[in-house]
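With chain Y's structure known, arrange chain R on it following the hints.
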Amino acid sequence: MTAKQPIDGERKKRDSSFSLFFQRNNLYKIIGLIVIFIFFLLPVLRLIWLSFVNDGSVTMQYYTEVLREPATWKTVKNTLIVVGGSTILALVLGILFSWLVAYVQLSGKRAMQLFIFLPFVIPSYITTLAWTQFFSASGPVTAMLSWLPGELAAPNLYSMSGIILLLGISHYPLVYLFTVNVFRKIPRELEEAAATSGLSKQRTFWKVVLPLALPGIASGGLIAFLSNLDNFGIPAFLGTPANIRVLSTYIYEQVVGFGPSAFSRAAVLSVILGLIALLGTVLQWFLLRRSRVNETNRSDSTPRIYLTAGKQKLVEALLWIFLLVTSLMPLITMGALSLISAYGVPFKLENLSLRNYEYVFMTDVKPMSALSNSLQLALFTMIVCLVLGTAMAYLRFKYPDWSTKTAELFMTIPYALPGTVFALCMIFMWLEPVPGWNPNIYGTVWILFIAYVTRFLVLQVRGSYTAFLQIDPSMEEAARTSGAAGWVKWRRILLPLLFPGILSGALLVFLMALTELTVSSLLWSSGSETVGVVIFGYEQAGYSTYSTAFSTVLVLGILLGGALFMLLGKLWDRKVLKNK
Amino acid sequence: MKKFFYGSATVCLVTVLAACGSEESGTDSKAGIAGEGVSGTLDFYTSQPDADAQGLVDAFKAQNPDVNVSIFRSGTEEVVSKIQAENQGGNIQADVLLVADSVTFESFKADDLLLNYKSPETESLDQSFVDPDGTYAGTKIMATGLIVNTNDVTELPTSWTDLTDEPTSGQAVMPSPLYSGAAAYNLGVMTRQDSLGWEFYEALQDNDITITQGNGAVLESVATGEKKYGMIVDFLAARAKNDGSPVELVYPEEGVPVITEPVGILANTENEEASKAFVDFILSEEGQKLASQQGYTPIREGIDAPEGLKTLDEMTILDAEAVELLETRSDDKTKFGKIFGQ
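Residue numbers (full-length UniProt numbering), protein chains in the order written: chain Y, 1 to 580; chain R, 1 to 342.
Accuracy of the hints is not assured; some may be wrong.
[Said to hold, decoys possible] Think about it this way: if two alpha-carbon atoms lie no more than 35 Å apart in a straight line, the pair counts; the simulated DSBU-like pairs of lysine-lysine are:
(1) R:276 / Y:366
(2) R:241 / Y:366
(3) Y:398 / Y:489
(4) R:310 / Y:366
(5) R:61 / Y:366
(6) Y:366 / Y:348
(7) R:276 / R:118
(8) R:335 / Y:74
Just so you know, these hints were derived from the structure itself, not from any lab.
With the rest of the complex left out, here is chain Y:
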């Protein structure tokens, strides 16, 4: 049908023993799909089932009801605008940053990377609070604008563009994370060849570099798209005052709307949301059809573009200004809030104390146990996802047929649904998987573990899959002809090549699981409270100063961990890879 077909055929032929084994054993495929079906799709289907049932009989009543309401269509339209706009913003920022970091001679790149992650780690209620203060009537933006001539007003964040801006800024790190390694792997020779053939720098970027970076861009873009789609915090905070609803907030309104049809209506809207997610996934497949890799390069961190000293300084300054505003400003706001004794008192020395920290870490026992629970959950989730996700990505890469595509789709859905809805699905499913049989998973820490793995696995699959797409199939063949098989092949050839890509997926899973909020707030139980549950609890009780203190420590801890990690990376470069 398309250009992809012969490549697939080629790949299969080259690896005939294994693929024949697989083709003859459709049984394995089916078993695999059934397991994936049970863990990923069945919980969601039990919710969707509710949208078809009324008093025990099958009905389309909820669909006709919901689809007839103008509010539904207005919400869908808002969602498409908000998600489309914020995804484009995330893509532009993410591609720009990853290209600059991968290609251009700049100093302090490692520190830059850390700050790029921040907006993604800082809880969204902090981000929104910091930004609304930044743009408020008494904030710095208004003050700066008042120096300028003319009647300039600070932009209103409580608007469609405000939601798009904050979503885009919160999620561009995802695009960055998936793309930066891909940029580093683009063979220099190709660009040189393009230059020799007379292509200008710009045309080389559009014709050569960007298409080759497509696997990373498509994966990062898809994850950013899904994250924008399921985000609740930002549109709820900024959209409520402006009367802007998107699907995630509208679904939440339905769920908490009491009435007997609350879940059914929420289910109908979830189906619409799922269709939008499906659309994004298919679009991304379509984009990737045309990408193909001919050569395998080790990731190449040395810059390719050298600027004059002055220009370099200018670019660095611009980048740091952006990072300081988008990453450091919310962090400082959060730190400052955590030191004051109560909201609204002036930020003066006599009003500052460590009282909030003292309460969180000395008086209250929950935060420490929550931290320990979340770390364990995040770690085990990361390990399981690392193994299962990479295995899945390998299969998806080797055998891009209906079964692996379907499997990937199943895995995407739990990530696309709003957290509250997904948590409800988990309750339906695991309370009594078979009527009358309660396996005692629900109500223990296991339900959180299963929920995290099912929700975040797709991140690892995308991360690892992107890494696989960077490998020319001939590498594997070469490994085998040289006598490296099985584990040796993986350890000596594949894993070192795949390492950076797989790791960025794992890092993402770890951070997501560590700070997860909406799913945990419905599924935790005594003894298994998580970081998100504690923060949510403080927020709801009106103790925002406590939650900011806890979040500050959490973010600083992540920064510290990140710094250590980068240091290790530096050592790895020097000692193991022997790159100067």
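Using the frame of chain Y, we list chain R on its own:
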């Protein structure tokens, strides 16, 4: 369970499931021997702040050391969704429920999910806060009043209608009934008052009031001076004032809607004795003194309210029939959404 988790979480999911399925322990519980102390396990679902819920459970356990109470705490909306999902899934885990308002309990009662239990302690309560059928009873009084930023406002408002006057235009904030159950209750009650009615909400919209998600956001907004006036649940404002925030709490002269954080027992409880003992304790003199210490107006007569809050007999209460509010809640929300352009 945690140790178990520790040990085996590295094995793959399938093994994990098998291990879990064969495990015998869990939420099974045995009712205590009637008369002599209660025992067993109790699942307590609540929307009270974490520290308060824990304080309550600790005080109860001091009297009933053989009862093991597990707490699930989340926002009222989340707790209700969780129970409804458990009900859909075929098995409600909660034994005792304590969340925001009577309307929520009326909805559970309508679905026959609550146990009829008239605690002897309810005799000392104002009967308007006790369900005549005995499925639930209020545990404290939480009024919604006005909060004002004292840095910006010198003349305190006295009436709800001050929020609809020209001087407060664009400077007030309220929680959204679409997100907060307590705000939805207020909406139902206030639109049923002759002095306020839907005209009040239409006037609020004309006066450009800002709508936020919940009471916490209202507090942040007014305390930081982003807005000058807000509608808020009283104890949050009183506590912020005690902590030093530049805010003042006002009980408007028309009266205030109150929610009572009722408590009830789920019909399919596995530990009826302990559940009853727990409800008795919450409504007892000791339990009510604890509520007052925690910063809430107690519902039981004769116990003082904490600093900065009014006691029940000092308030004018705006009231409406809970059953009626339940029936019209969905319509009320839709109407609210229309007025505010959603």
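Against the earlier hints, flag every one the structure doesn't satisfy and list their numbers going up. none
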